Amino acid sequence: MPIFFLKKYFFFSILVLGLLSAPFFVLAAGVFSSTTDDGIQVNLEVTCPGGVCTTTVSGCTDPRANNYNSLATVDDGSCTYNPIVTDIVGCTDPEAINYNPNATVDNGSCRYNIPNVSDFTAVKRGSDGARLTWSLPTNYSRFSAVIIIKAAGRIPTGITDGEIIYNGAGTSVNDSGLQIGVTYYYLALVRSITNGYSSGAITSYRPTEEPVEPPVEPPVLPPGIHDPFSSLPRASSTATTTLKDYLFLVYQAGEPIKQFYNDGQVSIRGDKLMTISIPYFRLPEVLKTIGISLSPISNPELSYSFILHLNEDRTAYEATISPFSDSGMYLASVYFINYQDQTIFKYTGQLAVVGSLDFLNSLAARTAKNVIGPVLVTGGVAAGIFQLSVLFSNIASVSDFIILLIRQFGLLLSLLGLKKRNKPWGTIYDSVTKQPIDPAYITVLASGKTVATAITDIDGRYGFSLSAGDYNLSPAKTHYRFPSVILANKNQDELYGNLYFGETIHNTAGEVINRNIPLDPVGFDWNEFIKSKSNFFNLYTKKEIRRNRIVHTLFWLGFVLSIMYLLFYPGIINLVVLVLYLGIGLTERYWHGWHKTITIKSATGDPASFAIVRIFQTDLNQEIKKVVADMLGRFYLLVQPGNYYLTVDHKQPDGSYARIYQSPPTFLSKGIWNKNITI
Amino acid sequence: MANLNWLKISFVAVYLLSAGGLVHSYVASSTNYVLQSDSVNFGGGYSTSTSYGLQDTLGEIGTAILSSSTSILSSGYQAMPLDTYLAISSPADVTMAPALVGTTGGTSNGEAGFQVQTDNPAGYELSIKANTSPALAAGANSFADYTPSFSDPDYTWNTPVTESRFGFSPEGSDLITTFKDNGVSCNTGSLDTTDKCWKGLSTTDQVMARATTANYPTGATTTVKFRAEVGTSKTQEQGSYSATVTVTAVTL
Numbered sequence: 001m002p003i004f005f006l007k008k009y010f011f012f013s014i015l016v017l018g019l020l021s022a023p024f025f026v027l028a029a030g031v032f033s034s035t036t037d038d039g040i041q042v043n044l045e046v047t048c049p050g051g052v053c054t055t056t057v058s059g060c061t062d063p064r065a066n067n068y069n070s071l072a073t074v075d076d077g078s079c080t081y082n083p084i085v086t087d088i089v090g091c092t093d094p095e096a097i098n099y100n101p102n103a104t105v106d107n108g109s110c111r112y113n114i115p116n117v118s119d120f121t122a123v124k125r126g127s128d129g130a131r132l133t134w135s136l137p138t139n140y141s142r143f144s145a146v147i148i149i150k151a152a153g154r155i156p157t158g159i160t161d162g163e164i165i166y167n168g169a170g171t172s173v174n175d176s177g178l179q180i181g182v183t184y185y186y187l188a189l190v191r192s193i194t195n196g197y198s199s200g201a202i203t204s205y206r207p208t209e210e211p212v213e214p215p216v217e218p219p220v221l222p223p224g225i226h227d228p229f230s231s232l233p234r235a236s237s238t239a240t241t242t243l244k245d246y247l248f249l250v251y252q253a254g255e256p257i258k259q260f261y262n263d264g265q266v267s268i269r270g271d272k273l274m275t276i277s278i279p280y281f282r283l284p285e286v287l288k289t290i291g292i293s294l295s296p297i298s299n300p301e302l303s304y305s306f307i308l309h310l311n312e313d314r315t316a317y318e319a320t321i322s323p324f325s326d327s328g329m330y331l332a333s334v335y336f337i338n339y340q341d342q343t344i345f346k347y348t349g350q351l352a353v354v355g356s357l358d359f360l361n362s363l364a365a366r367t368a369k370n371v372i373g374p375v376l377v378t379g380g381v382a383a384g385i386f387q388l389s390v391l392f393s394n395i396a397s398v399s400d401f402i403i404l405l406i407r408q409f410g411l412l413l414s415l416l417g418l419k420k421r422n423k424p425w426g427t428i429y430d431s432v433t434k435q436p437i438d439p440a441y442i443t444v445l446a447s448g449k450t451v452a453t454a455i456t457d458i459d460g461r462y463g464f465s466l467s468a469g470d471y472n473l474s475p476a477k478t479h480y481r482f483p484s485v486i487l488a489n490k491n492q493d494e495l496y497g498n499l500y501f502g503e504t505i506h507n508t509a510g511e512v513i514n515r516n517i518p519l520d521p522v523g524f525d526w527n528e529f530i531k532s533k534s535n536f537f538n539l540y541t542k543k544e545i546r547r548n549r550i551v552h553t554l555f556w557l558g559f560v561l562s563i564m565y566l567l568f569y570p571g572i573i574n575l576v577v578l579v580l581y582l583g584i585g586l587t588e589r590y591w592h593g594w595h596k597t598i599t600i601k602s603a604t605g606d607p608a609s610f611a612i613v614r615i616f617q618t619d620l621n622q623e624i625k626k627v628v629a630d631m632l633g634r635f636y637l638l639v640q641p642g643n644y645y646l647t648v649d650h651k652q653p654d655g656s657y658a659r660i661y662q663s664p665p666t667f668l669s670k671g672i673w674n675k676n677i678t679i
Numbered sequence: 680m681a682n683l684n685w686l687k688i689s690f691v692a693v694y695l696l697s698a699g700g701l702v703h704s705y706v707a708s709s710t711n712y713v714l715q716s717d718s719v720n721f722g723g724g725y726s727t728s729t730s731y732g733l734q735d736t737l738g739e740i741g742t743a744i745l746s747s748s749t750s751i752l753s754s755g756y757q758a759m760p761l762d763t764y765l766a767i768s769s770p771a772d773v774t775m776a777p778a779l780v781g782t783t784g785g786t787s788n789g790e791a792g793f794q795v796q797t798d799n800p801a802g803y804e805l806s807i808k809a810n811t812s813p814a815l816a817a818g819a820n821s822f823a824d825y826t827p828s829f830s831d832p833d834y835t836w837n838t839p840v841t842e843s844r845f846g847f848s849p850e851g852s853d854l855i856t857t858f859k860d861n862g863v864s865c866n867t868g869s870l871d872t873t874d875k876c877w878k879g880l881s882t883t884d885q886v887m888a889r890a891t892t893a894n895y896p897t898g899a900t901t902t903v904k905f906r907a908e909v910g911t912s913k914t915q916e917q918g919s920y921s922a923t924v925t926v927t928a929v930t931l
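Sequence order for the protein chains is A and B. If you number the first sequence the way the numbering used here does, the last residue is 679 and the count never jumps. If you number the second sequence the way the numbering used here does, the last residue is 931 and the count never jumps.
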């Protein structure tokens, strides 16, 4: 029985034991994680001379001193001071006629010349009316209003001497209800913002009966017919003899003071205010009003008249006249009106006006239309093309630009099917920075004779498909040397293999030449570049910003002008120019949209110059493409949409490369890497 | 019938072998755990009273912990909880040299070696942390914890002239990749170039070294180098600066 028991249940017993022990086993086989640690103290003594850690800088600590040193902590008694300056009171406004450049405190004494209106004329309006027109003073910042005062049969002499028919900032007014046969005198005063008044411009109008029959030809008026003073009675001849002694002074800012004698001639600038002045003490006491009329000799029908008023100092009679609209000779007639006997003395001379505003304006307009406009429009197009060229390529010299144009022409022929396009196989690149060289010119020589040429594309690539034979390649690029000395005797570097250094290539039929050609940059030292990197980037960035600003300004200025040209001078050429502008602008916009440049920078902002960027397909862990960043750490990467990660190999001071960054896997829906990288 | 019995025997044997590994001291592992050792026993347990503690196992004899200069043997079910050995040496406190002059700046260095011994077949991990932030301080004055300026860690120690910094760099045979270099930069390569790859301490553990095998009794030493620098344009207040650093070893 026991044996049977053993036989029958032995295995069950063992099985039960095994099952029972299993929980113990699990407990016993649990993971034992042990931890132990140790703490230590790290000590460091910092001492300071004398126990004081503040850095002592001796110098002048008084901010008022000439030699104040903001870094000084201890005043060493070296402060020096300017002599005490006493305040000088006077007029401190440069626009005032009594401006004192030495004055430090304004005492409210500033006085200003108030220019008169110009071109003040009265013409017939209806049967009993007149239309008065004038031009406001130019470049007069203190202007407030124009006031027109009317008087019948006499010349109004001031703001209260007649009827005010206009008070405003306009340039014309109509007057009506005039009596036939009465001469009306109009005085135009300019009021300043401080309620000062100009001496006044004068014009007159005398309504006449309507002619029974209209004249066949416009009447030719005799000189001075619009001169309001001309109708006044002349004084007796005895008085005129003394007028020769009268002295007129002509003032213009920045010009020497000129004297104006009877029958004399004086030359003035037409683009500046002119103040005519007669010293008070040179005039008889009976004089009340002095007027001056200016009439261009080339057009005697025109006449502009002004009143000379006694100034505030009672030292002179003065009138300030706005800049002339036309250059040329003017007849100047000065009238001394003696109100005691209602007679007038006439005093004449000539003003030679040069450099008037109209002349300048017309010259500027003509120049703008005929010279500046076309130059700007053309320059804008050139700027746009230049900007596009910079986007698409690296231009370092004029020869580069010519080569680039040849290549663009070749591309055009290829597009038109007139030229067979070579497949790019080899790359010409910078041996130091590893950047492809674009554009470079490469020649294939057989026994010293040129058999083929090519210009590298934007990635520095070229290609030749030649018949069997021995060939030599001769690449050329401004500021580069071939063959490379830096990579001499090497078959490959960090980025390129199958390097070419000028040896003869034995080419079999159908074989393509796919050698990569390093060129040494002339005058570029990587070590020096690294040392002066920060300064260089600052300068280069500023230079680039300045260049972009100029080019963009030129482009947009030309663009606006081209629109204006098309509006004002419609034509095929102007239309083509505008379309050219639009084409360039849209191309640039499209390029920026699809050609986003990525920048690699360190946390401190230093760009990773010439770093090698490799992009890997995440699933296969396989390198897909590699590009080299430019000197500002910028690069552009376009691949098929998918999941990728990229790495950055940074160029070290000794010229070698070290991997400093690997991105997390990223899905590129458009195939463009569009995030800046911080390493 | 005999065949059936043998079949039963085979079944039980396979069950036991597969569940407990009765016939060999196999150490099993997966990505989540490691089995240090195993045993099949039943009965017994750990009993205590006010005057004694008893570990007993039914059906097991020869239980003990035997150690020599070359090995440790923990035999028996109750001895198993003691079978992972992990020890870390206790180096003396570090006094950095030379003392620095607060007005002119300079660099001071110190180091401490931490030897870790473990018979844990899965190895160990060694971390470091500071008790305060910033680590090196004297009252209200302190050195800034080192901030890598180019890569993390910095291959070459760098302190701006207007700052003062305190950092560490581990060296040893079990360094993790972070502190290895290729002669140019850290976090890559397999070199352990002297006085390269610097980081700042923090109040959380930063792993310095890791090994995935036992190293008893030889052990592995990780030397932690400390460096403090005062920039030439920085004025560091006078004082006795200290940092309390804790190095922790944990079995994997």
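Any given hint could be a false lead.
[To be verified] Quick list of the computed label-pair ranges, beta carbon to beta carbon:
1. A/P49 x B/D772: 53 to 59 Å
2. B/D772 x A/K490: 50 to 56 Å
3. B/S912 x A/T478: 56 to 62 Å
4. A/T35 x B/D772: 21 to 27 Å
5. A/V57 x B/D871: 41 to 47 Å
6. A/K490 x B/T811: 26 to 32 Å
7. B/G792 x A/K490: 40 to 46 Å
8. A/S663 x B/T835: 21 to 27 Å
9. B/A776 x A/Q492: 34 to 40 Å
10. B/T835 x A/E494: 55 to 61 Å
[What the hints assert, rightly or not] Rough simulated footprint, nothing fancy, chain B against chain A, three-plus residues with beta-carbon under 8 Å:
11. 42 to 53
12. 161 to 167
13. 602 to 609
Quick caveat, the hints were computed from the structure, so don't treat them as lab data. These numbers were taken from a predicted model, which means no experiment stands behind them. C-beta: ideal position from N, C-alpha, C; glycine also.
Structure-based check of each hint:
no.	hint	verdict
1	A/P49 x B/D772: 53 to 59 Å	violated, 27 Å
2	B/D772 x A/K490: 50 to 56 Å	holds, 53 Å
3	B/S912 x A/T478: 56 to 62 Å	violated, 44 Å
4	A/T35 x B/D772: 21 to 27 Å	holds, 22 Å
5	A/V57 x B/D871: 41 to 47 Å	holds, 45 Å
6	A/K490 x B/T811: 26 to 32 Å	violated, 53 Å
7	B/G792 x A/K490: 40 to 46 Å	holds, 44 Å
8	A/S663 x B/T835: 21 to 27 Å	holds, 24 Å
9	B/A776 x A/Q492: 34 to 40 Å	violated, 48 Å
10	B/T835 x A/E494: 55 to 61 Å	violated, 22 Å
11	42 to 53	holds (count 10)
12	161 to 167	violated (count 0)
13	602 to 609	holds (count 3)
The structure shown violates the earlier hints numbered 1, 3, 6, 9, 10, 12.
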